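First to last, the protein sequences are chains A and B.
With this note's numbering applied, the first sequence corresponds to residues 1 to 466, in that order.
With this note's numbering applied, the second sequence corresponds to residues 467 to 767, in that order.
Derived from the structure by calculation, the hints contain no laboratory data.
Predicted, not measured: the structure shown is a model, and the values here were computed from it.
There may be inaccurate statements among the hints.
FRET-style restraints, in silico, Cβ to Cβ [said to hold, decoys possible]:
id : chain 1 : residue 1 : chain 2 : residue 2 : range
1  : A       : 412       : B       : 482       : 49 to 59 Å
2  : A       : 217       : B       : 559       : 57 to 67 Å
3  : B       : 513       : A       : 441       : 18 to 28 Å
4  : A       : 413       : B       : 543       : 20 to 30 Å
5  : B       : 550       : A       : 263       : 39 to 49 Å
6  : B       : 555       : A       : 183       : 49 to 59 Å
7  : B       : 760       : A       : 311       : 57 to 67 Å
8  : B       : 570       : A       : 260       : 40 to 50 Å
9  : A       : 324       : B       : 505       : 31 to 41 Å
10 : B       : 513       : A       : 260       : 19 to 29 Å
11 : A       : 459       : B       : 756       : 42 to 52 Å
C-beta atoms are modelled at their ideal positions from N, C-alpha and C, and glycine is treated no differently.
Next come the chains, spelled out residue by residue.
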Amino acid sequence: MKRTMISLLILIMAAGMLAAGGVQEQAAAADETVVIDLMAKDFSDDWTLAHLAQVEKGFEEYSGKKIKFNVWPTPEGAYAEKLNLMLLSGEIPDLIYFQGGDETAAAQGILTDLKPFVDNSEIMQEVLLDFNKQRLENYPYLLWVAPARARVAVVREDWFAEAGGKVPVTVDDFYQLFKEIKANHPDAWVMTDTEGTVRMDFTFDHAFGLTATWVEENGSYVYRDVSQGAKDKLAFYQKLYAEGILDHEYITTKWDTMEDKLYTGTVGLVYGTSGIVLDIYNDKLEENQGVSLVALPPAKGVGQGYAVSSAKETRGWAISSISDKKELVFEVLEYLATDEGQFLERYGLEGIHYVLEGDEVVLTDDSANWWPRFHEVMGWKGPTPVLGPAGQAGWDFVGEYAVGDPDFPIPEELSPTWDALQNLAKEYSYKIISGEYSIDKFDEFVKQWYALGGDKVTAYANERLN
Amino acid sequence: MKDRKVWKKRLYKDRFLYMMLAPVLAFFFIWHYIPMWGARIAFQDIRYIGDNVWVGFKHFRLLFSSPVFTRVFFNTIIISAMKIGFFFPLPILLAFMINEVRSRPFRKALQSVIYIPHFLSWVVISGIFISLLSSPGGAVNQVILFFGGKPVPFMTSSSHIRWVFVASEIWRSIGWDSILYIAAINSIALELYDAATVDGASRFQQALRITLPSIMPTVITVFILNLGFFMNAGFDQVFNMMNDAVINHVDIIDTYVYRIGLQKGNFSLGTAAGLFKGVIGLFLILSTDRISRKISGEGVW
Chain A
1 MKRTMISLLI LIMAAGMLAA GGVQEQAAAA DETVVIDLMA KDFSDDWTLA
51 HLAQVEKGFE EYSGKKIKFN VWPTPEGAYA EKLNLMLLSG EIPDLIYFQG
101 GDETAAAQGI LTDLKPFVDN SEIMQEVLLD FNKQRLENYP YLLWVAPARA
151 RVAVVREDWF AEAGGKVPVT VDDFYQLFKE IKANHPDAWV MTDTEGTVRM
201 DFTFDHAFGL TATWVEENGS YVYRDVSQGA KDKLAFYQKL YAEGILDHEY
251 ITTKWDTMED KLYTGTVGLV YGTSGIVLDI YNDKLEENQG VSLVALPPAK
301 GVGQGYAVSS AKETRGWAIS SISDKKELVF EVLEYLATDE GQFLERYGLE
351 GIHYVLEGDE VVLTDDSANW WPRFHEVMGW KGPTPVLGPA GQAGWDFVGE
401 YAVGDPDFPI PEELSPTWDA LQNLAKEYSY KIISGEYSID KFDEFVKQWY
451 ALGGDKVTAY ANERLN
Chain B
467 MKDRKVWKKR LYKDRFLYMM LAPVLAFFFI WHYIPMWGAR IAFQDIRYIG
517 DNVWVGFKHF RLLFSSPVFT RVFFNTIIIS AMKIGFFFPL PILLAFMINE
567 VRSRPFRKAL QSVIYIPHFL SWVVISGIFI SLLSSPGGAV NQVILFFGGK
617 PVPFMTSSSH IRWVFVASEI WRSIGWDSIL YIAAINSIAL ELYDAATVDG
667 ASRFQQALRI TLPSIMPTVI TVFILNLGFF MNAGFDQVFN MMNDAVINHV
717 DIIDTYVYRI GLQKGNFSLG TAAGLFKGVI GLFLILSTDR ISRKISGEGV
767 W
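Use the sequences and the hints to build the structure in full.
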């Protein structure tokens, strides 16, 4: 009797659930709302969900089509790794944000080739920058509408003014500025970097002739870290380190410690991602020290510019190749790059991040905590500037000085060798800069680099680039 | 027939004990045995859609083909050996010392304090150690400078960084790892100590003649089981504390595989590395168990 009752209950519940599912499907079909499954990093907070709701509404007004984002929960842990594990289970959302780990998915054909979509899109052709288009040529699976992620030098305005306030142009000008600042603030470091010299390289690489990942020397391509320009640059950095200009702890400094050093006056100059990041540094410095930041251009020497890799996007949006709504998903991405879409993306939520006073957009204090969730179109101009002076100056420099770097992805069979070569270069770089090795050791490093497999990778590079 | 009846009777008699054991067995079966089937992806190229493709030893070849694999392999062995060699005896020593503390409230408080670091993540611990040991601004170097010494590059010198790993491992785990030994010491019959006291044995003699021999089976078992994890030199710790200056001296199999495999979504390579480490661990457990049985008569099983 008991068993019969339990069986009946289960049957009733199952029938009920089936019926409910059917009703829901019918309802969805009736109002023609298309559900877009979406997987992205940090998309589950209230602000983002409210933003997605306003994008759904905006898209309906723009296209007359009803959509509903279904945000998949992000697994705990490293996003790239967990995302791939989730994809491995066979669950593939329509729209996926990648921040690394996308090559395997692309190689297996689960990501849509976006090139035909972009080629046929007037909006995308207008908003994508040259380097974005070049990256799509090399790797057509990730779409990322944003300015180049170049790191721009920013210095405290008071220390800058004390040192003469003249914007440096050449490497020597920079050195003179650094020396002045050091003389005025002997107990502080002039500048720092995070776990290497990647950030400051943006300012100095071109000046030392390191205008691309593979530079021409004697008629063939050599890797920039083993070129003459790299030797000259390391000698310059060594001088900065020896004179107490470059923070002696830069190698163990993480990004949060770097910011802390700026806000506490331990350093006066850092290198930050152009745009909103520089505004954040500026706001926090004003809060802590009562002074603003001044952005500096890249140093001029052999060349002047920020190298922007053309290999592939390192992050971006992908559309599942098994999705049956690819066109619609791309249309949504297009919409987000339009003036209407950018208004929502850049200003955030009305009443929270901005208020409308007539036609005027007035930003609130919370606007500093808002960032575009999909696209950041560089050329878009809203009624009220979104960026502050530091962020805008950074963008202007990137717009003026970004130079394409005809880089390419390293093939899988060479990746262990490439990893070993990178580590060798990093170790020698630090030891030379810190003075543990003299600059003469650079030639020994170059020999080791080629012996470790650099010759194979160089041969491959020359094959690719010639 | 009779044996079966006896077996059933015993089963019924101890049914509650078996019921208590069942969740543990289920746990190990679900989380430790079923996943073993997944280890086959070390021999396959995984496919997001459709069946995986059998590729034999391809991922092992990729793992071993790096020009730095030998160095990474020996870094793993050196860091593990240093940790086991210098760390392993310390929790035993600590357990002895705690056992000698007479005041019960003080002992409890002491135990609580030394367990706390175990609950901190390596991200936090590495932040603490980097702040303490940076050169020249770290607290330790400030003290050295105060006394007229020269700053020591603890975090960026290849000769110091491995000792930083050992020291931070000790700081984090000495308290927690002593729990097992404290429990083993507490299970020793008090009559043995009473008899030794009557015979005039000092506290030190009691520790040496009664406590140490009594906990020796526990020590041997823990040591052999630790060897099973010999190739796990501590990914979280190394990953968070390494930097460019020392990367070639502290890069271990796990960090290497993370960079060239897992970050790119190549889970087969990660599994191949795990399998390789597992085989070495199993060999170490079996061989140490056999050696231990021959020398002391004690083993894991």
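Cross-check of the supplied hints:
no.: 1; hint: A:412 to B:482: 49 to 59 Å; in the structure: 56 Å, holds
no.: 2; hint: A:217 to B:559: 57 to 67 Å; in the structure: 60 Å, holds
no.: 3; hint: B:513 to A:441: 18 to 28 Å; in the structure: 47 Å, violated
no.: 4; hint: A:413 to B:543: 20 to 30 Å; in the structure: 27 Å, holds
no.: 5; hint: B:550 to A:263: 39 to 49 Å; in the structure: 43 Å, holds
no.: 6; hint: B:555 to A:183: 49 to 59 Å; in the structure: 54 Å, holds
no.: 7; hint: B:760 to A:311: 57 to 67 Å; in the structure: 58 Å, holds
no.: 8; hint: B:570 to A:260: 40 to 50 Å; in the structure: 44 Å, holds
no.: 9; hint: A:324 to B:505: 31 to 41 Å; in the structure: 35 Å, holds
no.: 10; hint: B:513 to A:260: 19 to 29 Å; in the structure: 45 Å, violated
no.: 11; hint: A:459 to B:756: 42 to 52 Å; in the structure: 50 Å, holds
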